[in-house]
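Those protein sequences? They're chains C and H, same order as listed.
Under my numbering, the first sequence has 23 at position 23, and the numbering climbs by one with no breaks.
Under my numbering, the second sequence has 74 at position 74, and the numbering climbs by one with no breaks.
Because the hints were derived from the structure by calculation, they are not lab data.
Heads up, none of these hints are tricks.
Which copy? The list can't say, so a pair holds if one copy fits it or any two copies do.
The calculated lysine to any residue pairs, modelled on SDA-like cross-linking and capped at a C-alpha distance of 25 Å, are:
hint, residue 1, residue 2
1, 14, 74
2, 124, 343
3, 334, 68
4, 124, 329
5, 161, 53
6, 106, 281
7, 83, 189
8, 236, 225
9, 188, 53
There are 2 protein chains.
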Amino acid sequence: MEKSYSGYLEPGYKPRDDLVALFYLQPGRRVSFNEAAQAVASESSIGTWTDISTLSNSLKRKLHARVFSLNRKSRLIEIAYPKELFEEGNIPQLLSSVAGNVFGMKEVRNLRLLDINFPNSYIKSFKGPKFGIQGVRKTLRVKKRPLLGSIVKPKLGLDEKQHAQVAFQAWAGGCDIVKDDENLSSLKFNNFEKRVKETLKMRRKAEQITGEKKAYMPNVTAPFNEMMRRARFVKKAGGRYAMADIVTVGWSALQDLRDADLGLLLHAHRAGHAAFTLNEKHGISMLMVAKLARLAGLDQIHVGAIVGKMQGRRQEVQAIGEEIEHSLIRSGKKQHILSEKWLHVKPMLAVCSGGLHPGKVPPLLEAMGNDIVVQMGGGIHGHPLGTMHGAIAARQSVDAAMKKIPLREYAEQHKDLQLALRKWQ
Amino acid sequence: MEKSYSGYLEPGYKPRDDLVALFYLQPGRRVSFNEAAQAVASESSIGTWTDISTLSNSLKRKLHARVFSLNRKSRLIEIAYPKELFEEGNIPQLLSSVAGNVFGMKEVRNLRLLDINFPNSYIKSFKGPKFGIQGVRKTLRVKKRPLLGSIVKPKLGLDEKQHAQVAFQAWAGGCDIVKDDENLSSLKFNNFEKRVKETLKMRRKAEQITGEKKAYMPNVTAPFNEMMRRARFVKKAGGRYAMADIVTVGWSALQDLRDADLGLLLHAHRAGHAAFTLNEKHGISMLMVAKLARLAGLDQIHVGAIVGKMQGRRQEVQAIGEEIEHSLIRSGKKQHILSEKWLHVKPMLAVCSGGLHPGKVPPLLEAMGNDIVVQMGGGIHGHPLGTMHGAIAARQSVDAAMKKIPLREYAEQHKDLQLALRKWQ
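Chain C extracted, bound-state conformation (with noise of 0.2 Å):
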């Protein structure tokens, strides 16, 4: 069996205009590292399991990816794929390429695609966003300071206008973003175009209150057509955001979200994505996925919190918010991360979320630099005073943060603030 999948190694090859994927990987049970390695490169670019009539020798040369790098110990091979095997533009095409059957091969045990690193005509294929963070901060009027962001909660289960009533104290109380949350979708007790109209007109209100911009980002995932008209409708009714749960949706509908140019500011909601990003041995990293939200055009995307309730390590959250943000990014071992030259794709937003609340606010900061949205759901509703207090204390801990101030010693004269952090911390 060997044999199908010798010709794909070929180390100190020194890629030029290929398409270069960094793999963690694991051989399968009797299977060497060379040999699952090359079955890897075989499986993703030209070759199948057993030798084949139809592919001449001179295809094979032409069109072969090559693993040129690996190391046994740290189980990390570097694949070198020639550029003509991508179809530019096509997000889908390249997973199916190199994230496709790969992950469920006999030679395979564990593997994990842990970066990219794409040739320029191949990131000249793509917009990227429309706004980025630049646009963010435009369309909110805030220039310096991380933006504040919170959800709905509970996040199902509140009618249109109780929705509307929610996202008015959060505003009112200190926050820039309003969202719905990742399963809100139109339900009966909450349809879609209802509860867009109740909170927008509420954003106004809190607009004229507080002089401030505010903005609201209504959950649009569904099938496409329904999402590009509940996104239209967005857009009509005078909203400035759409947001889309990006795994869910998938990329083929939420390339052409961006495509459309409607507009909106658009937020990509990461839920699901730990069902193969968990592992760190098998499947896809989150910064694969966020580097792909980037070149698809989505403006800014949750990337988590380091210091709340989900998973993600300090290391690699920060890797995602410097490969998403910066427009040149450099090779680093550790970080598992290859470099990248952005070209014309604008710096993407990263939103921390997840279990943040008041007291979490100066070390975030201080890991994640202000280019962020700092996001709290339960860390706002669930202040002993209620949401607009809870909001409040959250903005009062970014002031906090911006004036390098302890958080203790502010709460002294910020009595929101010293109820947040007692029964937070």
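Given chain C's structure and the hints, the job is docking chain H onto it.
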């Protein structure tokens, strides 16, 4: 912290109109099994990590999910969700709820969504397959025997005419169906429209020569609008099928591909599924994916080959085969499946693929029955005399199995089969 997750446990509760999900669960560090189970029920319905002012007790009573069965030994839990939590006809929203944040919670070390039992009203909100097994058999005029399929190989590299020639050889030798591979979309060396035209031309020629109906499954995997344009092109050019990579395309686009009622049979390739189905303790089961594909209305799907190059245990592949082909599913503790009434939703055809060759046909049919597509790529193109003889050998193996004649015996009078058996056994 335990407080916020309390109230989600109700042993002995009898689900009626609920949606029921079956999970495998390993709790996170310092979390009890009970706590972890309730955390999953909370996060996937209406709860969050802390108690919040906006969730009233009456709301919680009405909409909360219930862990009604839990088994510490097998680590299986069943959760009943009020059907009001789900938007009918919206698969992404379903997954964002029950297969969303839960995989990444700190309370959970491993979590696998094994199956869902849908309430009747939910099933009714989907059209299901337009054609199903009977539609495929009618189109190809094959009443009882398994259908024989092939994939053009190498998966990438041939130009349009070479591609069409290989397809012709496979049809002429005895294949009913020939398909593109999962990463062949529209490439510089092989343009989609040109390939479809050339290949359908050869399909007509093969039909004339053999007197049989033949089908070609072009891969329309792409961003949504381009995917739909390509599918419509196929229909207009006289095609009968389109195939899509369901995992990398995503549910939002797939649902509308089906609901567009293009008059094309739809084939689901599952490339990428093993990123989240492989680990038996985490992610989502392949059975669940297949069930959603049936609900979404694809006509056939790759389920594994039991005896081939890909992972997939016998029992699991058989269970998937039954789940997509039967109208009434009885729950089975060993296979980790729940019961289901499929109502109006037509049976979907199982496609067995991945490392098959003629020698493996009899055990495959014994395990899976005759309502399958036996699909071989390398097992046909790798034949010593080339693709056409490979297809003849494959068809002979199907004929022998149908006549209950041992392959070795049948091969005495059938040279092509003999050569295949010599190469691969």
